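From first to last, the protein sequence lines stand for chains H, B, L and S.
The first sequence finishes on residue 300 if you use the working numbering, and the numbering steps up by one all the way, no holes.
The second sequence finishes on residue 300 if you use the working numbering, and the numbering steps up by one all the way, no holes.
The third sequence finishes on residue 300 if you use the working numbering, and the numbering steps up by one all the way, no holes.
The fourth sequence finishes on residue 300 if you use the working numbering, and the numbering steps up by one all the way, no holes.
No lab work stands behind these hints, which were simulated from the structure alone.
Mixed in with the good hints there might be a few duds.
If chains are identical, the list can't say which one is meant, so a pair holds when it fits in one copy or spans any two.
BS3-like, lysine-lysine: derived pairs with alpha carbons at most 30 Å apart [stated by the list, open to error]: (1) 164 <-> 125; (2) 164 <-> 292; (3) 164 <-> 193; (4) 292 <-> 125; (5) 125 <-> 207; (6) 292 <-> 193.
Since the model is a prediction, treat every value here as computed from it, not as a measurement.
Listed below are the residues making up each chain.
Number of protein chains: 4
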Amino acid sequence: MAGSTFGTIFKITTWGESHGAGLGVVIDGCPAGLYLCEEDIQKFLDRRKPGQSQFSTPRKEGDIVHILSGVFEGKTTGTPISLVIYNENQRSKDYSEIASFYRPGHADYTFDMKYGFRDYRGGGRSSGRETIGRVAAGAVALKILNQLGITFTTYTKSIGPIVCDERLFDAMQINQNALYMPDAEAAANASAYLEACMADGDSVGGMVECVISGMPVGIGDPVFEKLDANLAKAIMSIGAVKGFEIGDGF
Amino acid sequence: MAGSTFGTIFKITTWGESHGAGLGVVIDGCPAGLYLCEEDIQKFLDRRKPGQSQFSTPRKEGDIVHILSGVFEGKTTGTPISLVIYNENQRSKDYSEIASFYRPGHADYTFDMKYGFRDYRGGGRSSGRETIGRVAAGAVALKILNQLGITFTTYTKSIGPIVCDERLFDAMQINQNALYMPDAEAAANASAYLEACMADGDSVGGMVECVISGMPVGIGDPVFEKLDANLAKAIMSIGAVKGFEIGDGF
Amino acid sequence: MAGSTFGTIFKITTWGESHGAGLGVVIDGCPAGLYLCEEDIQKFLDRRKPGQSQFSTPRKEGDIVHILSGVFEGKTTGTPISLVIYNENQRSKDYSEIASFYRPGHADYTFDMKYGFRDYRGGGRSSGRETIGRVAAGAVALKILNQLGITFTTYTKSIGPIVCDERLFDAMQINQNALYMPDAEAAANASAYLEACMADGDSVGGMVECVISGMPVGIGDPVFEKLDANLAKAIMSIGAVKGFEIGDGF
Amino acid sequence: MAGSTFGTIFKITTWGESHGAGLGVVIDGCPAGLYLCEEDIQKFLDRRKPGQSQFSTPRKEGDIVHILSGVFEGKTTGTPISLVIYNENQRSKDYSEIASFYRPGHADYTFDMKYGFRDYRGGGRSSGRETIGRVAAGAVALKILNQLGITFTTYTKSIGPIVCDERLFDAMQINQNALYMPDAEAAANASAYLEACMADGDSVGGMVECVISGMPVGIGDPVFEKLDANLAKAIMSIGAVKGFEIGDGF
Numbered sequence: 051m052a053g054s055t056f057g058t059i060f061k062i063t064t065w066g067e068s069h070g071a072g073l074g075v076v077i078d079g080c081p082a083g084l085y086l087c088e089e090d091i092q093k094f095l096d097r098r099k100p101g102q103s104q105f106s107t108p109r110k111e112g113d114i115v116h117i118l119s120g121v122f123e124g125k126t127t128g129t130p131i132s133l134v135i136y137n138e139n140q141r142s143k144d145y146s147e148i149a150s151f152y153r154p155g156h157a158d159y160t161f162d163m164k165y166g167f168r169d170y171r172g173g174g175r176s177s178g179r180e181t182i183g184r185v186a187a188g189a190v191a192l193k194i195l196n197q198l199g200i201t202f203t204t205y206t207k208s209i210g211p212i213v214c215d216e217r218l219f220d221a222m223q224i225n226q227n228a229l230y231m232p233d234a235e236a237a238a239n240a241s242a243y244l245e246a247c248m249a250d251g252d253s254v255g256g257m258v259e260c261v262i263s264g265m266p267v268g269i270g271d272p273v274f275e276k277l278d279a280n281l282a283k284a285i286m287s288i289g290a291v292k293g294f295e296i297g298d299g300f
Numbered sequence: 051m052a053g054s055t056f057g058t059i060f061k062i063t064t065w066g067e068s069h070g071a072g073l074g075v076v077i078d079g080c081p082a083g084l085y086l087c088e089e090d091i092q093k094f095l096d097r098r099k100p101g102q103s104q105f106s107t108p109r110k111e112g113d114i115v116h117i118l119s120g121v122f123e124g125k126t127t128g129t130p131i132s133l134v135i136y137n138e139n140q141r142s143k144d145y146s147e148i149a150s151f152y153r154p155g156h157a158d159y160t161f162d163m164k165y166g167f168r169d170y171r172g173g174g175r176s177s178g179r180e181t182i183g184r185v186a187a188g189a190v191a192l193k194i195l196n197q198l199g200i201t202f203t204t205y206t207k208s209i210g211p212i213v214c215d216e217r218l219f220d221a222m223q224i225n226q227n228a229l230y231m232p233d234a235e236a237a238a239n240a241s242a243y244l245e246a247c248m249a250d251g252d253s254v255g256g257m258v259e260c261v262i263s264g265m266p267v268g269i270g271d272p273v274f275e276k277l278d279a280n281l282a283k284a285i286m287s288i289g290a291v292k293g294f295e296i297g298d299g300f
Numbered sequence: 051m052a053g054s055t056f057g058t059i060f061k062i063t064t065w066g067e068s069h070g071a072g073l074g075v076v077i078d079g080c081p082a083g084l085y086l087c088e089e090d091i092q093k094f095l096d097r098r099k100p101g102q103s104q105f106s107t108p109r110k111e112g113d114i115v116h117i118l119s120g121v122f123e124g125k126t127t128g129t130p131i132s133l134v135i136y137n138e139n140q141r142s143k144d145y146s147e148i149a150s151f152y153r154p155g156h157a158d159y160t161f162d163m164k165y166g167f168r169d170y171r172g173g174g175r176s177s178g179r180e181t182i183g184r185v186a187a188g189a190v191a192l193k194i195l196n197q198l199g200i201t202f203t204t205y206t207k208s209i210g211p212i213v214c215d216e217r218l219f220d221a222m223q224i225n226q227n228a229l230y231m232p233d234a235e236a237a238a239n240a241s242a243y244l245e246a247c248m249a250d251g252d253s254v255g256g257m258v259e260c261v262i263s264g265m266p267v268g269i270g271d272p273v274f275e276k277l278d279a280n281l282a283k284a285i286m287s288i289g290a291v292k293g294f295e296i297g298d299g300f
Numbered sequence: 051m052a053g054s055t056f057g058t059i060f061k062i063t064t065w066g067e068s069h070g071a072g073l074g075v076v077i078d079g080c081p082a083g084l085y086l087c088e089e090d091i092q093k094f095l096d097r098r099k100p101g102q103s104q105f106s107t108p109r110k111e112g113d114i115v116h117i118l119s120g121v122f123e124g125k126t127t128g129t130p131i132s133l134v135i136y137n138e139n140q141r142s143k144d145y146s147e148i149a150s151f152y153r154p155g156h157a158d159y160t161f162d163m164k165y166g167f168r169d170y171r172g173g174g175r176s177s178g179r180e181t182i183g184r185v186a187a188g189a190v191a192l193k194i195l196n197q198l199g200i201t202f203t204t205y206t207k208s209i210g211p212i213v214c215d216e217r218l219f220d221a222m223q224i225n226q227n228a229l230y231m232p233d234a235e236a237a238a239n240a241s242a243y244l245e246a247c248m249a250d251g252d253s254v255g256g257m258v259e260c261v262i263s264g265m266p267v268g269i270g271d272p273v274f275e276k277l278d279a280n281l282a283k284a285i286m287s288i289g290a291v292k293g294f295e296i297g298d299g300f
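In isolation and in its complexed conformation, chain H is listed as follows:
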């Protein structure tokens, strides 16, 4: 079954591997007449890009987006928007070590069992780089939603045992620390905690919180297509996400 397409009216199809020629997304169903340029998308790819702080993958990635279709004279035309991000230096590395064993916490074994062989150059389709297509499509969706008065505030709520203090919530702070936390003190503590984990060769989970404002009444449909259900599917389909709560949650 083909699993790389999401959505019905605004429909995205992502493609690409971590070590292939590139990655991209086709966005079909975007309304015509929306002003759209590469910079609208690039700014989110730049935030997604690893190697920006000591806490993420040190690998350097350019991740420059190109719009190949669906935009004419600066506006969307209502036809599919094809976005491509070429991989750089995808050929040089020596994968002999990675090719000979299954890495824990990766989909290596699963891919081998499901497809009969695997792309041993890296995570391939199950690499974190797969989210490039989601981020690019999300940038376009966000532009539409913002025009409709729907806004998002998203931040790291907790890392391991370090939880942001709601009383200290400061939206301005979110983009001012490498961990995207809205509480400067928690960010400092989480930073120290992560350094200790990394020194031990360990990793740790956390929680991301997203506050959506300006929603009209009645979005979503009864029974199987509730908004809650589709948000849960979208978020749970991101690699490494293990839980989803809405409203008061658990």
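Position chains B, L and S relative to chain H; hints supplied.
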């Protein structure tokens, strides 16, 4: 958008309101040759049925399932299986009080805004009775999965502050208390706790845990159709569910 | 793969066999607030019903429709509309002769190969009775389209070599002859031609023409979801239909 | 509604305009382990390419395909295959004349009404160049089907009044004349007929016939997903196609 259909290969479509003529489900894509009779489904509808303990809705419901198609000489034929459960006494009640205000915690206001009017006889399509179609289809799905060696153990993990003790886990206990808890002592405590809540006119949340055994490697598809993502969507689409975790979760 | 569902926004799911308990359709996505009663649907089922003239299957069928959900106080609620038509006398017949061989021009062999066994009581799911669900759903769709100013004129254009003369087209004539032809002389000729065919134990094909008026500009979507393409799929999915033309056609 | 995706298990999403940066297709659900290289696809793009005879658009097109994902060490990986064909010289032309009026037989007016503006550089998404994505995906599908023993013979059956003589059918002849006809005499006649039409500034229709061999029993699903219905939808979604017949047809 139509929201009452779920699934691609094994596809279910539910219908029916709490106070209409009946509720049901059409199951399309069930393999041919599966032995199936009404009792296979009825036993799960009987467990779903409220009014069996003092903790659930006291309303009496017969909830007798009828197979209208898709089964011939005791076996499925590969064509759609139509199941119907007729409502009893759906006409007699006086709804004048319910019709005049929106009930907190119900979808009354949302339905009115979305559709322009609402079925003031009760929750209608957003009533808990909507799950009858899911339970009936689930009984058929379970029979197929069991034949493939996939089994489910499902129980109440916690109610309010009362959490089952994993060391006292007893699968036999699950169906021996009205709260479906695998720990008899927790069940007794939760029962007392619920009685106190009900005396205060209050309600309380809880957690349900499901352990799935016998899964083959490679079920689900990369990116948007991961098994995690589709399970989350299915569970989060049940009314009143507010969170979903998989594996170690949060 | 489940094949009994059609449509995205207005989505129909049909079920039922020629010799089971009944047939029906679930219509999901019908707008709320449409006046709808059983008579709106029954009048089309009555036209569909065989045994009304000497040229169709002599079997008598009651085919009374029941609305089980989705309508409240005479108007649709926006939730699924479940329609059921119970089969009468579905148990008495002796099928021993039919059970022992594959009938030419039926799906008997195909069903046996695909599903491993077949419902030897008759065509089952591939019987002409399967169209009952389509006709019932079509009656609801027609009511919506008519309110939008879209109207349909449908008639038999030709039977075997007998073709209606466009210059003699008379819309009033369509429902006044058993063959639904808009040209009385052609209808008389076709009637004589069919009697001769039946005397020879032969069957013959024909063409149905449908003129749709009042269509707004821009219905359908570029590339794979063109209106032409979806009409062709819908019509070609009717048993025994072998060709489709639009506009000037061939 | 997004209309650029077709299929469920083998799912294709096409994108691109006649005068944009390029065109392409994402193929999702292709089985892993299929040998696939650019030449497998290029040979069909070369046949599709106009400017090869005096009867088709004189425009020169390179139409070189690039595989951007889904193939590793010469074999498909089971993940999406992204194919891109860059447009050449897409910027230089003067469109001022075309921009000022709607061309008959094109979708110019419809696009303007539906989307509020149009890409006046040419047909855009409704240009014949849109079929590039279909041909590229079709080349991959064909390779899979051929491995399963399913083969296709496709040719021009008629052009205007010139119909190939079935008794003179010669499969070898199909690729030896510019009109892909299996009857050399008919091809010569059709060629003369087309030259006369072109001298008059006129166009003419024709029929394409496709013979599929090696089909297993039972492909397709009952009711709405019959093989006939899906073939009809696929073919009728090609621009300028106005009719579809199967088996004996009309």
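(message) If you test the structure against every hint from before, which numbers come out violated?
(response) 4 and 5
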